[in-house]
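Chemist: Please model the entire structure based on the sequences and the hints provided.
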Amino acid sequence: MSALYRHNDAVKPASAPYGFEVTLEASPDAVCAALGHIRAELARHRLSKENLEVIELVMAETLNNVVEHAYAGAPQAGLIGVRGTYSGEDLRLRITDIGKPMPGFTLPAGKPFKRHEIADVLPEGGFGWGLIRLLSCDLAYSRMGDMNLLTLRIPLAAG
793 MSALYRHNDA
803 VKPASAPYGF
813 EVTLEASPDA
823 VCAALGHIRA
833 ELARHRLSKE
843 NLEVIELVMA
853 ETLNNVVEHA
863 YAGAPQAGLI
873 GVRGTYSGED
883 LRLRITDIGK
893 PMPGFTLPAG
903 KPFKRHEIAD
913 VLPEGGFGWG
923 LIRLLSCDLA
933 YSRMGDMNLL
943 TLRIPLAAG
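So in our numbering, the last spot in the sequence shown is 951, and the numbers never skip.
Think of the hints as simulated: they come from the structure by calculation, not from any bench.
Backbone N, C-alpha and C define an ideal beta-carbon position, used for all residues, glycine too.
Any given hint could be a false lead.
[Stated by the list, open to error] Okay, the calculated beta carbon distance ranges per label pair:
(1) H837 x A901: 28 to 38 Å
(2) G937 x L899: 12 to 22 Å
(3) E813 x D938: 16 to 26 Å
(4) P867 x M939: 33 to 43 Å
Modeler: Listed below in structure tokens is the structure:
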């Protein structure tokens, strides 16, 4: 199993009063472990089950895209940085990597669909960016030198 962190196995608090910062290897095992740590961290702040599920889905789609596309063909797993700050109204994420840039240096559109059309079992592939766009807002992508930077905001439902 891939190591989740380079230096330790704990979610490090970010400088913001309510936040987290995680550095993980770009591998499916590390993504799974990071999602578990982040979900546990957010659950301590009494986020609803619905909010936790939305956050986990958006983060899983985003991080797995980095693993599968930004680092595709790389001789070894690169690193992904995740920084989150949250309030009672939203979770803001900043995700960085030094993998390949987005095609055309722009975010993919993703397959559009409506929330009520989501089936229990979705066919594999192509829905990631559609889901990310449906469940988050304020998406922005930039390439700064060798680094990809993705920022987004996930509105939190009351309760």
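Chemist: Look at each hint and say if it fits the structure.
Modeler: These are the hints, each one checked on the structure:
{"no.": "1", "hint": "H837 x A901: 28 to 38 Å", "verdict": "holds, 33 Å"}
{"no.": "2", "hint": "G937 x L899: 12 to 22 Å", "verdict": "holds, 19 Å"}
{"no.": "3", "hint": "E813 x D938: 16 to 26 Å", "verdict": "holds, 20 Å"}
{"no.": "4", "hint": "P867 x M939: 33 to 43 Å", "verdict": "violated, 19 Å"}
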